[in-house]
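> In case you want the letters, here they are:
Number of protein chains: 2
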Amino acid sequence: MLGTGSFSSNPSSAPCNNNVGFLQKNNSLEERSRIVSSFKEKHSSSKNLRSCENSDTESRFRRAETDFSNLFARDLLPCWTFTTLTSCWRAWRASTWSCRSSPSPWSRSWWTDILGFSISCQLLLELAVPKRFTYEIAPVFVLMEQLTLKKMREIIGWPNGEGDGIFSPGGAISNMYSVMVARYKYFPEAKTKGMSAVPRLVLFTSEHSHYSIKKSGAALGFGVENVILLKSDERCVKVIPADLEAKIIEAKQKGYVPLFVNATAGTTVYGAFDPIDEIADLCEKYNMWLHVDGAWGGGLLMSRKHRHKLSGIERANSVTWNPHKMMGVPLQCSAILVREKGLLQGCNQMCAGYLFQPDKQYDVTYDTGDKAIQCGRHVDIFKFWLMWKAKGTIGFEQHINKCLELSEYLYNKIKDREGFEMVFRGEPQHTNVCFWYVPPSLRGMPDCEERRERLHKVAPKIKAMMMESGTTMVGYQPQGDKVNFFRMVISNQAATKSDIDFLIEEIERLGQDL
Amino acid sequence: MLGTGSFSSNPSSAPCNNNVGFLQKNNSLEERSRIVSSFKEKHSSSKNLRSCENSDTESRFRRAETDFSNLFARDLLPCWTFTTLTSCWRAWRASTWSCRSSPSPWSRSWWTDILGFSISCQLLLELAVPKRFTYEIAPVFVLMEQLTLKKMREIIGWPNGEGDGIFSPGGAISNMYSVMVARYKYFPEAKTKGMSAVPRLVLFTSEHSHYSIKKSGAALGFGVENVILLKSDERCVKVIPADLEAKIIEAKQKGYVPLFVNATAGTTVYGAFDPIDEIADLCEKYNMWLHVDGAWGGGLLMSRKHRHKLSGIERANSVTWNPHKMMGVPLQCSAILVREKGLLQGCNQMCAGYLFQPDKQYDVTYDTGDKAIQCGRHVDIFKFWLMWKAKGTIGFEQHINKCLELSEYLYNKIKDREGFEMVFRGEPQHTNVCFWYVPPSLRGMPDCEERRERLHKVAPKIKAMMMESGTTMVGYQPQGDKVNFFRMVISNQAATKSDIDFLIEEIERLGQDL
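As given, the protein sequences belong to chains U and F, one line each in that order. Residue 1 is where the first sequence starts when you use the UniProt record's numbering, and the numbers rise one by one after that. Residue 1 is where the second sequence starts when you use the UniProt record's numbering, and the numbers rise one by one after that.
Any given hint could be a false lead.
Identical chains blur together in the list; that is why a pair holds if it fits in one copy or across any two.
[Unchecked claim] Below, a list of computed lysine-lysine pairs in the BS3-like style, where the Cα atoms sit at most 25 Å apart:
no.	residue 1	residue 2
1	K305	K252
2	K193	K247
3	K415	K341
4	K305	K231
5	K285	K309
6	K193	K150
7	K231	K193
8	K285	K415
9	K185	K214
10	K305	K150
11	K402	K254
Just so you know, the hints here were simulated from the structure itself, not pulled from any lab data. It should be emphasised that the depicted structure is a prediction, and the values quoted were computed from it without experimental measurement.
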């Protein structure tokens, strides 16, 4: 990947307008009583304050939402970070909680580069040391997570954004959640009795899919042998639906139960998109769970120009979508989204009494901890939410479109260039551009074992020299019967055409004598 | 928890002494060649640069270690953060890679508060957007992780710190790793064939253990019914070894296979330590895996005064230890440590060719990705490593000792105080202090159903008022037949005796009229 994220403006020069008057721990007893009283009067809810009844939860909850933010933010944050937050806060109050479609006006006069937002957020988070499992520990972040997940579900195309979801520590864990939830939906007894109490369950995924599906099969007790790999089409990219159906039938004939199909939206190496609609037809026909692993390709949903590549995703039962990949949010920020409500909770809850008490002061359905396989969770939502507020949906769309244009630029530049060979013809569907560099010494040679062996060593050598000289780095790998080739991936919107030009020249410079 | 982390010094006022002369992407072709040549000459290894042979890996690796750091750091980091890093860098070069036992001299003139280090680290990380699965992507962090894990294993008491380990996104996932690795050790075929191909496996854990053991049982295909809960002693805190043995025998008589025992070092509610040595005897006798969940109590290993509470931990097969809890490292920072090498890799590897190529330029055993159930991982090690460099082992020891002294102070202050009742007698083993506040209206009342019902509501009401007034917050929960009680936990070394005094007064102030 090309990486040139810059950070030039200095937030610490902004003025600090800390207000006073909030309750502090070192207030005297008199001051404390006075402030608390006036606070209570202001909100006209002193009766409720001493009550544990959960009636009128909705309105009380809305009130508490504001109270928390006003009360604690200024106590926790250092000045310059606080100023940053104040800007966000104003924008937030001026607009709404929800994620914007157009860029926020304040983002223009502020700093909008790819990492600026996340730095500020992360700084806040490290100061506040929040954990997320209950609403009371991290109320604002719990709400941000809920709203953002709803927005993501709307973009997927689920009616009214209904459904469920959670942020997890990465796409591999999100994919693992999808398998767990699918198992719970069809065989809830596996939770209590284990995998030996259910039929032999089979998962299907492309031979080009991410290895986390196989890892999930191993970890969750299915066994890797029960993760059936699907063939791809002649361009070696997309799953062939007929192959899927043949394998479903074969599994059923053996007495196994086909449970789950993973359709990849953006494979790791080729950036290919499986045909979701056709796979969804088969999942309906055979009553199987459809998961779309959009960890890499999910970002294209933000682009009106490119989202057709995920056509049919609204028919999925679950979706993995990593804003930390194509959308430029720094690692880690991955979401697992589930169409049916209640499954995540049912699948994972253990009802630990010491965390999830039903007699709390607020609506405990906001406690997210029992949905997760984790307990405390790192706050990954804030940087994403704030980035969305600033860039808007349109900003993400421009980001995505620009990266895809750059890939097209790279593809067009090298597809007929001397010394370059494409791994497959045709414009890349995602930003993955896969190619060989053929040094002059190999160019005249016919395709034979010797040439293959020598070509296989070219990419590793060039990459090693890149690492030594520190100019750039691009990954390579073999795939099936293909010898080592370069895989260029662009996800940073700060990349430019001159970066692409540089990359090509650098490969030629380093590889000319091989 | 009491939380008053402050951040007062201003790193941006430090001078920025950025050097020049490193290779930049915008150097001209001539400059590039010159710099690269001189760099190569300096290190006298131009022959190796174009070779893919992996001979002499060790010395080359050591060389590369320095090269990377010099080459890339200044390109990636903004000025003030860079200055901070420069200080660390100097300290690092002046000392060694390893973690110090005494505080670093530079830490005294710098900022040593609980969060300062992590903020700087996190800022660096968010700028560099590193992921960890291969050495080449995050070379320094991979090395830091290895060295720190080794140091932790030494402290556990495993000979020469040998073994394996990885940082995970929290204690629940670390515990899940332990169950996976235990299964792989005894029944490696479960990885390929699934749980239906192995006997019915049984896990044992205390009724007071963290719910993540049960969650692991559900997720990994054992089934919650096969997670057997162990009784505790008369103080309701520690596992009774005789009960464990009886349940092992019972399981074997039913034809099940006892696989795994989790001993908790520091239970979540009571902070109790299971008798590891006695449990280890039974694990040896019945050939079972011994895991110690020291997520909460592991920190006490750093204290010569308190580490005896984990006596026998060196006999464990695996240990969960969360520096993000008792040691004050901000979330997330959790380690799973495994005594036997190779199991983590064997259990989780899928050998994805596009990530883990054997023909790379460096020793690929440094690639950690295939040990993990994740792919990319958030960098959690840097803040911990830097904190250790600054505070030293002695600094952590003082931190731990201080928190335990404060808990003792709290315990001594309330154990005979009017209106307070301890949930169990005797000094707390960890910093958990569990107690009821009994308002004046209930003090004369004999123990009866009405009193229990009313007392059950006291802690929720006081906590709700704390949240409304924003002065402090302390958690409560019921446990078994015990009605809601407060659980005060101290892990922040910035807490003081006056914080404790305040807490007691505040509970009395808010609860006096209930």
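> Please go over all the hints and tell whether each is borne out by the structure.
Going through the hints against the structure:
1. Proximity of K305 and K252 under a CA criterion of 25 Å is satisfied in neither setting, with 40 Å inside one chain copy and 62 Å between copies.
2. Taking the shortest Cα distances, K193 and K247 sit within 25 Å of each other only across copies (18 Å), while inside one copy they are farther apart (28 Å).
3. Neither within a single protomer nor between protomers do K415 and K341 lie at most 25 Å apart by alpha-carbon distance, with minima of 47 Å and 47 Å respectively.
4. For the homomeric pair K305 and K231, neither the shortest alpha-carbon distance inside one copy (28 Å) nor that between copies (61 Å) is at most 25 Å.
5. Taking CA atoms no more than 25 Å apart as the test, K285 paired with K309 passes inside one copy only; the shortest distance there is 23 Å, against 59 Å between copies.
6. Taking identical chains as interchangeable, the C-alpha atoms of K193 and K150 are never at most 25 Å apart, the minima being 33 Å within one chain and 38 Å between chains.
7. In the homo-oligomer, the alpha carbons of K231 and K193 lie at most 25 Å apart only across protomers (22 Å), although the nearest pairing inside one protomer, at 34 Å, exceeds that limit.
8. For the homomeric pair K285 and K415, neither the shortest alpha-carbon distance inside one copy (41 Å) nor that between copies (66 Å) is at most 25 Å.
9. In the homo-oligomer, the alpha carbons of K185 and K214 lie at most 25 Å apart both inside one protomer (20 Å) and across protomers (19 Å), since each shortest distance falls under that limit.
10. For the homomeric pair K305 and K150, the shortest alpha-carbon distance inside one copy (22 Å) is at most 25 Å, but the shortest distance between copies (50 Å) is not.
11. With identical chains, the CA atoms of K402 and K254 are never at most 25 Å apart, being 49 Å at best within one copy and 63 Å at best between copies.
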